[in-house]
Structures are given as C-alpha cells and as structure tokens.
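Turn these sequences into a full structure, and let the hints steer you where they fit.
The lines below spell out each chain.
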Amino acid sequence: MSNRLSREGPPLASLLHRLADTPVDFLAEPCIRGAGQVHVDAVVGDLLTSLGVAATARDLERFAGRGTGDRNMLAVTLLLCWVLADSWFASAAPAQADLQRLLSDGASELAAATAARRFVDDPDRREELVRVTLAAIGCRPAGESEAQAEDRLTSLSAAERARVVEAARAAELRARQIREALRKRVAEESADKWTRE
Amino acid sequence: MLRFLREHPHAPIYRNESGNRLTAADLERVRAFEREVLAADVGWRAGEEPSWIQAVIEKCYGDVPFYRRLGAPPHRLADVPAISRADLGRDIAQFVPDSAPVDRLINFRTSGTTGHPLLLASHPVVAASYLAFHKRALRRLGIELRHGRGQVGVVLLGHQRECFTYVSVTPTMGESGLAKVNLHERDWRDSNDRGKYLAALDPEVIAGDPISFAELLSIRPSVRPRALLCTSMALSVALRGALEEYFKCPVLDLYSLNEAGPVAVFDERAGGHVLLQHRMFVELLDGDGARVVPGERGEITLTGGFNFCLPLLRYRTGDYASLRLDAGEPVLIDLAGRPPVRFRTMRGEWINNIEVTHAFRHFPLAQFVLHQNVDGALRLRLPESFRDDADVHEALLALFGANQLVEIERVRDFGGKVVQYTSDVPGAQP
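Each protein sequence line maps, in turn, to chains F and G.
Letter by letter, the first sequence follows residues 1 to 197 in this note's numbering.
Letter by letter, the second sequence follows residues 1 to 430 in this note's numbering.
One or more of the hints may lead you astray.
Derived list of chain G stretches under chain F, where covered just means 3 residues or more per stretch with a C-beta under 8 Å from a C-beta of chain F [what the hints assert, rightly or not]:
| no. | stretch |
| --- | --- |
| 1 | 18-25 |
| 2 | 72-82 |
| 3 | 89-98 |
| 4 | 251-260 |
Note that these hints are calculated values from the structure, not bench results.
Just so it is clear, the structure is predicted and the values come from calculations on it, not from any experiment.
A virtual CB, placed ideally from N, CA and C, is assigned to each residue, including glycine.
And the structure:
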C-alpha cells in the first residue's frame with residue numbers, strides 16, 4: 001500500500017454535505033464557444049488565487065472549452081472547484097501541481113464515465129469525488145487509516161468502472177441491434193405513409 | 001381493395017410490398033394523436049420557447065445515447081449542441097432512444113436530394129401519424145377527407161427509373177386504398193394504362209413531387225382529386241398554377257422531411273409556410289450556431305417532433321427561411337427548399353436527380369455535386385479523399401449512356417451544405 005494518503009484531512013461528512021449543497025452557480029452550463037453561463041477558466045483562476053497558487057493564462061486555457069465534448073469535464077471541474085473552495089483546503093496549502101492535475105486530468109477521468117450531476121445526486125459518486133479530491137493532494141478523511149481510505153476509494157472506483165463497462169457493452173449491443181433492424185428488408189417495406197419526402 | 005389495386009387490368013407492375021403493421025393498440029394511439037393534432041394550437045410567443053421544451057431536453061439526455069454522453073441536461077435549449085444530417089449519418093443508432101422498441105423499428109430512407117441517402121429510425125405509428133398533419137393542412141383550406149371503405153384515399157406518385165411501389169390500406173380511413181405508383185413507362189405494360197388506371201382509382205388525394213406532377217399533367221388523366229399534396233422539392237408557381245387549373249383543386253405545398261415528417265404547409269394568405277406540428281419548435285440559426293435576429297434568414301433548426309424513435313434536439317435541416325409570428329402562429333417566409341432538377345441523357349430522355357442518388361447509393365460519398373452543362377456534358381465534383389472514380393464514372397455512363405461526357409473535379413472542402421444537383425439545360429427544372 002502506498003503512503004500517498006499520509007495526511008489527515010477534514011471529516012468526510014462535512015465535504016459530502018458541501019457537495020450535496022452545491023449552489024446553482026456551480027451547476028450552471030459551462031461556457032463553450034460563446035454558449036453557456038459559467039466561464040470555468042475564470043472560476044479555476046479565482047480558486048487557485050484563493051489557495052495561494054499563481055496560474056498563468058496558459059494554465060487556464062484548457063478550461064475555456066474547446067467543444068461540446070468538453071462539457072461534462074468542465075461541469076466536473078466546477079464541482080471540484082466548489083469542494084476545493086472549502087476553507088479547510090486553504091489551510092492545507094495544497095501543491096500547485098497536484099491541484100492542476102486534479103482539475104484537468106482528474107476531472108477528465110471522472111467525467112469520462114459519469115455525468116457531472118451524478119456526483120451531486122448519487123451518494124456513492126458524491127463520496128468518490130470527495131475522496132478523489134482529498135487523495136489528489138495526499139490526504140485521507142479524518143478518522144480513517146491510510147489503508148481504509150485506499151480501500152474505500154478503490155472499491156468505489158472499481159464498482160463505477162464495472163458499471164461503466166457493462167453499460168458500454170449493453171449500449172454497443174443495442175446499437176448493433178438497431179442498425180441491423182433498420183437494414184432489414186421488412187423495415188424498408190413497412191414505411192407506409194401518405195407522403196414520401 | 002388490395003386485389004382491386006393490384007389486379008386491375010390497367011394496373012402497373014408493383015415491384016414491392018408494404019403494410020401499415022399497426023396493432024389494435026397502435027390504431028387507438030394513432031386515432032388519439034390525430035384528435036390531438038387537429039385540436040392543438042401551434043406556436044409560441046415571440047422571444048419565448050414552448051413550455052414542453054425542457055421536458056424534451058431532459059428526456060433526450062436521459063434516454064438517447066448521443067446526448068447521455070454529454071452529461072447532465074442543460075437548462076436552456078441554446079446550450080444544447082446543434083446537430084446536422086452528418087451527425088445522424090455517422091451512426092443513427094446513437095440517436096434512437098433506449099425506450100424505442102427495436103423489434104418494431106421501420107426505416108425512412110431519405111431521398112438523398114441534398115446529400116447521401118440515410119436510413120432513419122421510425123415506427124409504424126409514426127408513419128400512420130403523417131395523415132393527422134395532412135388533415136390539419138387540408139383543414140386550413142376547408143377540406144375534410146370523406147373517403148372510406150371501398151374507395152381509394154391516396155395515390156402517391158413517383159417518376160423514376162427505379163421506384164419503390166406497392167399497394168396498401170389506411171385503417172383509420174375504413175381500410176381505404178393507398179397506392180404508390182411509378183409513372184415511369186417502364187413500370188407499365190402500356191403507357192396509356194397510366195391515365196386509365198388513375199381514373200379507375202379516382203383517389204381523393206394525390207401526393208407527389210414536382211417531377212412526378214409534371215409527368216401527371218402530361219398524361220392528363222380523367223381524375224378529380226380534392227387535393228394534391230406536393231412534397232420533397234420546391235414547387236414552382238407555374239407548375240402549381242397548371243396543376244390547379246387542370247385538376248380544379250388546391251395543391252398543398254408541404255415542407256416535409258424524413259427526419260421530422262410534415263413540418264409546414266404553404267398558405268398564400270399567411271404569406272409563407274405555416275407550421276403544422278404542435279410539439280415542434282423552430283429556431284433559425286446562423287453559420288456560427290447562434291439564433292438570428294427576428295426577421296432575418298437562418299437555417300431552419302428543429303426541436304421536438306412526433307417520431308419517438310428519433311426525437312430531435314436542434315436539428316439543422318440545411319433549409320433556410322425567415323420566421324414571422326402572426327398572433328403566435330409561426331410562419332416560415334421564403335422557404336428555400338430543395339430545387340428539383342432533371343438531367344438529359346444521351347438517349348434524349350429526362351431522368352430525375354433521384355436516379356443519380358440511387359446510382360451512387362453504394363458509394364461512400366459524404367457529399368458530391370453534379371452539374372449538367374447546356375451542351376449536356378456532366379461535371380461531377382467529388383471529395384478529394386474519394387478513390388473510386390472509375391466506378392462512379394461507370395455508374396453515370398450506365399445511367400446517361402455510353403457516350404456521355406463526364407468531367408470529374410476534386411474538392412477539398414465543400415464548405416457545408418451544397419446544392420447537389422444543378423443544370424443549365426433548358427427544361428431541367430419543371
């Protein structure tokens with residue numbers, strides 16, 4: 001077992017409550033190519049400043065949204081910003097590299113499998129996001145041993161990965177069934193409508 | 001009825017079979033939907049979106065694979081990414097909701113007039129529900145359909161070398177007859193049978209496109225339909241006038257898409273195409289995907305619809321218009337539909353542009369443009385990445401004749417939607 005969770009952080013429950021009570025501004029639509037309501041790059045910039053980290057314009061570029069494919073990742077980044085804005089993190093003085101890795105790579109990994117809103121609404125996903133946040137800066141929830149914290153995070157992530165793999169398999173199977181159904185002669189020959197375009 | 005349609009001594013060669021495939025429960029659903037369509041108000045207030053939009057967004061983001069991958073449903077329609085025909089073409093399965101029953105799917109194959117043919121997901125109830133919108137359109141002109149058992153309700157016309165033809169019945173109209181007929185001479189034992197057959201059927205409605213209607217006029221059949229329904233391509237004022245004069249009935253110019261069904265009908269009093277679907281919202285977008293200023297022209301972009309196997313969220317149609325709200329009723333002004341084009345072959349005969357679409361159906365061409373010069377030579381523009389020039393060339397020669405001149409030009413980028421078929425040959429646009 002690694003010692004990456006060597007520091008004790010705040011009680012898990014306090015961050016879970018914070019995430020469950022995420023204000024609407026942090027749930028709003030990320031700005032992408034002129035559409036949306038929240039400039040995630042600005043939110044990240046403000047957060048880093050409040051944590052005593054100097055971010056360059058280039059550091060923030062990736063949070064400006066290159067296309068709709070970034071939408072969920074940016075929405076997760078907003079949630080991470082909300083959690084990291086808890087006063088405990090300012091006192092913990094997290095390292096700049098850890099924060100930037102969490103807000104970009106960490107957000108991408110979380111967003112790849114799960115819609116951002118589930119990290120607020122679903123208890124297991126809420127716990128996963130909070131534990132991932134703490135682990136990213138080398139912390140574990142207060143009152144837990146390193147081994148307990150590692151095990152719980154692994155178990156949450158593994159369960160989610162299994163769910164995602166199963167969902168992807170089912171989705172591909174259904175997509176194949178749809179494509180096959182549409183190609184069948186009988187499908188073509190039953191489009192019985194009064195006008196043809 | 002089916003035997004009458006198929007075995008009439010002047011009947012054409014029917015090449016296919018079709019059926020409505022409606023269950024008793026489906027029929028109830030179709031009837032209820034028709035009542036809803038005929039009673040509904042269509043429209044919204046200026047600057048507002050209909051109240052049902054958010055429910056459609058949430059349903060799609062929960063139930064449709066393409067949208068589910070984008071995360072949580074946005075709270076504003078403007079935050080939903082617009083999609084186009086190219087998105088549907090990449091993999092239609094990603095746009096079919098999980099709730100759609102795979103075992104009852106049927107397909108709508110696009111005409112390919114403005115792009116490569118597409119297979120779209122649909123359902124027998126959706127196909128049967130077209131009639132509700134036709135009735136709504138007819139009602140604007142004071143026409144209530146009155147045919148029933150033992151009569152022919154509609155004849156759908158095509159005029160193509162290859163055409164999907166069949167006979168069927170319409171259960172919601174007392175099992176009245178429906179015939180999809182190809183007016184091309186190769187589908188008839190004797191070309192004079194065309195007029196005789198149509199006269200024998202005496203349908204209450206005839207549906208077609210400008211090319212098949214132009215052919216119908218040349219046949220001059222002794223029929224008295226109560227209305228003509230024109231879809232697929234822009235109807236010229238001249239042809240419309242000639243049809244109305246000959247058949248002594250109104251010609252309804254429908255704006256209809258396989259992706260969305262009948263969207264609007266032209267109403268001279270309204271000065272444009274009035275919308276027909278009460279669960280369809282229309283935005284007009286500019287090239288950057290932003291809504292245009294009220295009154296300006298933009299790309300018609302659809303949200304909603306009645307095809308529960310293919311719900312639309314901000315679907316860019318590739319067609320353009322401006323939008324006016326007349327007391328809350330939306331009217332599409334100066335709708336630029338798909339211009340009909342026919343090509344002259346080396347044999348001296350006219351062929352419909354859809355023939356070319358069919359001939360190219362099996363080539364992996366996302367886009368192409370075919371133009372016929374006034375001297376009859378063809379200029380074909382193909383994407384730079386396409387390699388099967390020889391096969392395409394051969395397909396054109398098979399269609400146009402062995403001596404046909406074909407010049408092939410490479411294009412790196414077509415720059416969005418193109419007018420796929422054009423011609424300088426006089427008479428190319430009926």
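Ascending list of hint numbers which this structure does not respect: none
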